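Asks: Sequence:
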Amino acid sequence: MRNLTLLTDLYQLTMGQGYFNEGKHEQRAVFDVFFRPNRLITYSVAAGMEQAAEYLENLHFSEDDISYLRSLGIFSEEYLAYLSRLRFTGDVRAVREGEIVFPYEPIFTVSAPMVEAQLAETAVLTFINHQTLIASKAAKICAVAGGGVMEFGLRRAQGADAGIYGARAAIIGGCVGTSNVYAGKLFHVPVSGTMAHSWVMNFPSELEAFRAYARSFPDGCLLLVDTYDTIRSGIPHAIQVFRELRASGHEPVGIRLDSGDLAYLSKKAREMLDEAGFENALICASGDLDEVLIRSLKEQGARIDTWGVGTKLITSADMPALGGVYKLAAVYEGGKEIPKIKLSDTTEKITNPGVKEVLRFYDAATGKAIADYITRAGEKVDAGKPLTLFHPVETWKRMTIRDFTVRSLREDLIKGGRRVAPARPLSEIAAYRKAEMENFWEEYLRQDMPHIYKVDLSDELYRLKQELVRSFRGQ
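So the number in the working numbering is just where the residue sits in the sequence shown, counting from 1, plus 844.
Since the hints were made in silico from the structure, they are not lab data. None of these values were measured; they are calculated from a predicted model. Each hint should be verified, as a subset may be incorrect.
[Unchecked claim] Here are the computed lysine to any residue pairs in the SDA-like style, where the Cα-Cα straight-line distance is at most 20 Å: (1) Lys1156 - Leu884; (2) Lys1180 - Glu1201; (3) Lys1278 - Glu1201.
[What the hints assert, rightly or not] Distance ranges between label pairs, derived from CB positions: (4) Ala1165 - Glu1119: 44 to 54 Å; (5) Gly1003 - Leu854: 15 to 25 Å; (6) Val1237 - Lys1212: 21 to 31 Å; (7) Ala1279 - Gly867: 44 to 54 Å; (8) Phe1061 - Glu898: 31 to 41 Å; (9) Val1237 - Asn1283: 24 to 34 Å; (10) Ala1040 - Met1243: 49 to 59 Å; (11) Gly1179 - Lys1278: 35 to 45 Å; (12) Val1264 - Gln1144: 47 to 57 Å; (13) Trp1043 - Thr1191: 30 to 40 Å; (14) Lys1193 - Thr966: 12 to 22 Å; (15) Gly991 - Lys868: 44 to 54 Å.
Using N, Cα and C, we set each Cβ at its ideal position, and we do this for glycine too.
Generate coordinates for the entire structure from the input sequences, incorporating the hints supplied.
Replies: This is the structure in structure tokens:
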């Protein structure tokens, strides 16, 4: 395992020395990870918690790390000696990977001595922001496609780690496999791939190229048919090779379209394949696809069975950053919680103070999610009594829920520096994400003009927030 302790911003370390000098380095602090809304976020799929937990469990400064920090000439020897002994001893409470989450919800909370908690910020955000972004994009693409999406983005990812962990996140979001062999090995997920245009171009003719591929992979023959002319050359040659395969006792997998009018070409290909007796041959499409283009193709009646999605998935092209933040929520003095708040002239940027929990309410009759509820830690909700929810900013917007069930969205991930929640297989995480999405009405998850899912504050948390706002503004 790589030691990524220095995967941080310099100011985490300089603040750490300041806390050390002021005797505040051992003060208990609580930080929340959450993200704010924007026009492209309808919901998000939480991911990256596993890598964040691995980072914290493995946090330590090697001798080489300390030597490098010493070379910067800005840290005292006393502080460097402290860092050389540092290990993460804190607690983490987080949502499960694959959880459907919404803006303002604390999805990963670190409670630890101040320097440990502060140092965690950059790396934790790096892992969670990136993977949550890609998992969410994948979920939207897969929802429109209806399944059968392969992640094909490695060559367009912003670096090797983005390709590897982007593939992991894409599987969480609903992709059924990846072209990334390293990710396939690392995460035990299906890998898929056939040929490039260079294969076809490297033979005297397209037909010879197809025959050569079929000889090597008689039971996995999926042919790329758009190198020269899809209708007049590619598909007829594929059918000819498919007949030869069948005559030798093998069945073809199908064809791939990578360019051109995919709606027209797929319909024509389906017609030609069916007429030739290859009704079960798949038609795979690739080529700068995303949820917008896939939906358009389906509306046009495209006959596409599987989708290879690369660039616009692995880069989340329409929203290349999630914008998750890591904010101080509380410190402890003499064992007592002191809630902290960040103020702003923009109401939506005022943070929710204190140690918190996130609950989700479900309609008892349908099992569908009604709303999420951010509370102060330790608050109890009686599902046997009606509960009035209100918008945390536009407080006149209220509704009363009855006959509901409730569950906490978060679990203990690390206690006392040690992992307590299991490291779940990626297949289990993906299955959990799928099951949780089925608990939401389609109106909350749709791409265009979705209903805004309610994320409200408890009365107690709302009162605390307003008291702190008034106290800091001298009201």
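Asks: Hints first: check each against the structure and report whether it holds.
Replies: The hints, checked one at a time:
Between lysine 1156 and leucine 884 the alpha-carbon distance is near 15 Å, which keeps this suggested pair within the 20 Å criterion. Our distance criterion of 20 Å between C-alpha atoms is met by lysine 1180 and glutamate 1201, whose separation comes to about 18 Å. Proximity of lysine 1278 to glutamate 1201 is assessed by CA-CA distance (about 23 Å); at most 20 Å being required, the pair is judged violated. At about 48 Å, the beta-carbon gap between alanine 1165 and glutamate 1119 stays in the expected band of 44 to 54 Å.
The hint said 15 to 25 Å for the Cβ distance between glycine 1003 and leucine 854, and at roughly 21 Å that hint holds. Taking the beta carbon of each, valine 1237 and lysine 1212 are about 25 Å apart, inside 21 to 31 Å as hinted. Checked against the hint of 44 to 54 Å, the C-beta distance between alanine 1279 and glycine 867 comes to roughly 49 Å, which is consistent with it. About 37 Å separates the C-beta atoms of phenylalanine 1061 and glutamate 898, a value consistent with the hinted range of 31 to 41 Å.
Evaluation of the 24 to 34 Å hint for valine 1237 and asparagine 1283 yields a pass: the beta carbon distance comes to about 26 Å. For the pair alanine 1040 and methionine 1243, the beta carbons lie near 55 Å from each other, so the given range of 49 to 59 Å is met. Judged by the Cβ atoms, the range 35 to 45 Å given for glycine 1179 and lysine 1278 holds: they are separated by roughly 43 Å. Distance hint check: the CB atoms of valine 1264 and glutamine 1144 are about 51 Å apart, consistent with the given range 47 to 57 Å.
About 57 Å separates the C-beta atoms of tryptophan 1043 and threonine 1191, a value inconsistent with the hinted range of 30 to 40 Å. For lysine 1193 paired with threonine 966, a C-beta distance near 20 Å keeps the hint of 12 to 22 Å intact. In this structure the supplied range 44 to 54 Å holds for glycine 991 paired with lysine 868, their Cβ-Cβ distance being about 52 Å.
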